[in-house]
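Line by line, the protein sequences are chains H and D.
For the first sequence, my numbering assigns the number 1 to the initial residue and increments by one for each residue that follows.
For the second sequence, my numbering assigns the number 1 to the initial residue and increments by one for each residue that follows.
In case anyone wonders, no lab produced these hints; they're calculated from the structure.
A couple of the hints might just be wrong.
With a Cα cut of at most 20 angstroms, we get these calculated SDA-like pairs of lysine to any residue [what the hints assert, rightly or not]:
id : chain 1 : residue 1 : chain 2 : residue 2
1  : D       : K59       : D       : A25
2  : H       : K141      : D       : D185
3  : D       : K141      : D       : D116
4  : H       : K59       : H       : A33
5  : H       : K141      : D       : R123
6  : D       : K59       : D       : A89
7  : D       : K59       : D       : D70
8  : D       : K141      : H       : H184
9  : H       : K141      : D       : K141
10 : D       : K141      : D       : A157
11 : D       : K19       : D       : Y63
12 : D       : K141      : H       : R182
13 : H       : K141      : D       : W183
14 : D       : K141      : H       : W183
15 : H       : K141      : D       : R182
16 : D       : K141      : H       : D185
17 : H       : K19       : H       : T61
18 : D       : K141      : H       : R123
19 : H       : K59       : H       : A29
Label-pair ranges, simulated between beta-carbon atoms [unchecked claim]:
id : chain 1 : residue 1 : chain 2 : residue 2 : range
20 : H       : N68       : D       : E49       : 20 to 28 angstroms
21 : H       : P12       : D       : E49       : 58 to 66 angstroms
22 : H       : T53       : D       : D145      : 31 to 39 angstroms
We put the CB at the ideal spot given by N, CA and C, even for glycine.
2 protein chains.
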Amino acid sequence: MSEARLNTPISPFPSREQKQEERAARRAAVLRAAVRMFNARGFHATSLEDVATSLGISKPTIYHYLGNKDQVLLECVTIGLQQLLEAGAAARAGPGTGADRLQSFLRRYAEINMDDFGRCVIRTGEEALTPESVRRFRDLKREIDTAMRELIEEGVADGSIAPVDPRLLAFALAGALNWPARWHDPAGPQSPGELADLLVATLATGFLPR
Amino acid sequence: MSEARLNTPISPFPSREQKQEERAARRAAVLRAAVRMFNARGFHATSLEDVATSLGISKPTIYHYLGNKDQVLLECVTIGLQQLLEAGAAARAGPGTGADRLQSFLRRYAEINMDDFGRCVIRTGEEALTPESVRRFRDLKREIDTAMRELIEEGVADGSIAPVDPRLLAFALAGALNWPARWHDPAGPQSPGELADLLVATLATGFLPR
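Between the sequences and the hints, there should be enough to build the whole structure, so can you do that?
The structure is reproduced here in C-alpha cells:
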C-alpha cells in the first residue's frame, strides 16, 4: 500500500452523519418515485415492484426504507399535508389584513396542490388508506381547514373580507384550489405560480363585474 | 277453475310494455344500489356480490341487467354526466343575461354533484375505468366544460360577467362545485339546494367586500 493511500484523510467508512444523510436521500428518492407513479397510474394500479424497478432497486429495499405500500402512501400524503400546514402557519404570521394573509395562503395552497405530494393528497380517497391512516389523514386535513377558516374569520373581523359563513367559504375556496390537482398539466403553458395567482384573484373578486 | 277466474280481464302474462317497464325498474334499482356502495366504500372495495346481496338477488342477475363491474361503473358515471349535460342545455335555453343563465346552470350543477350519480362522477378517477370507457368519460366531461365555458363567454360578451379567461373561470367554478361531492353530508343540516345557492352566490361576488 502506498504512503499516500495510508495518509489519506478521508476514511472509506462513512461517518454516522454521512449514513444518515444517505439514508434520508434514498428515502426521499423512493418517495418521489412512488408519489409520481401513484399520481400517474392511481394507487391501486401501482405496485412497489414497479416503483423499485424505476429506481433500479429491489422491493425489499423499499420495505427497508419505508415499509409496505400503505405506509408509503401515508408518508406521501403526510408530506403534502405538512406542506399545506406550513403554508398556513407562514401566512398567519405574515403582514397585512386578514384578506391579504388569506390570499397569500391560498396562492401557496394552490401551488402545493399542483406539486407531487399535494396532488397525491387530493387524489387519494380515504378508501385507499388503512383505518388508522384515515384518522391521521383527517386530523391533518382538519388542521388545514381550521387554519383557512381562522384566516377568513380574521378578515371578516377586520372588514377586509365580506361577511360570509367562514365554513362555507373555506369549502368553496378549497374546492376551487384542489381541483387543479386533477386538471393542471405540469407540461402546459401556465406555471403553477401563475395559475395560482389568477385563480385566487378570480375567487377574491367574483365573476360578476365590480 | 271458477267462472270468475276464467273471465278475469287481466292476463297473468305480462305485456311487452310491462316487461320493458319491469326491466327498466330492476336496472334502475341495481344502478342505485351500486352507485351508493361505490360512493360509500370506493369502487375497488365494492364487489358486485355485495351489491347483489343488498338487493336480495344473485350476481348473475346483475350481469344480466347491466354487465360486469366496469360496465356498471360506466353506466353510473354516464347517468351523472347526462344529468349535468341536461342542466347545461336547460340553462342555455333559459331567460336572462349570460350571468343569470350561468348561475342557474351552476346551482343545478352543484346539486347534481351532491346526488348519487354526480357524486360518483366526481369520485371516480380515470384509473378505475377501462381505456375505452375513459374516452367516453372524457368526451362527456368535455361537453360539460364547453357548455360552462360558452355560458361564461356569453356573459362576458353581454357585460354581465367580468372580463376573465373563460377557461380558467370554468375550472375554478367546477372545482368549487365539485368539491361538495367529497364533503357534503346528505344527513347534515343544509340541503343540497340551499348549499348550492350559497356557494354560487359566494363565487359570483367573491370574498372581498363590494
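State the violated hints by number, sorted upward, taking the hints as numbered earlier in the document.
Going through the list in order, the structure violates hints 6, 9 and 10 and respects the others.
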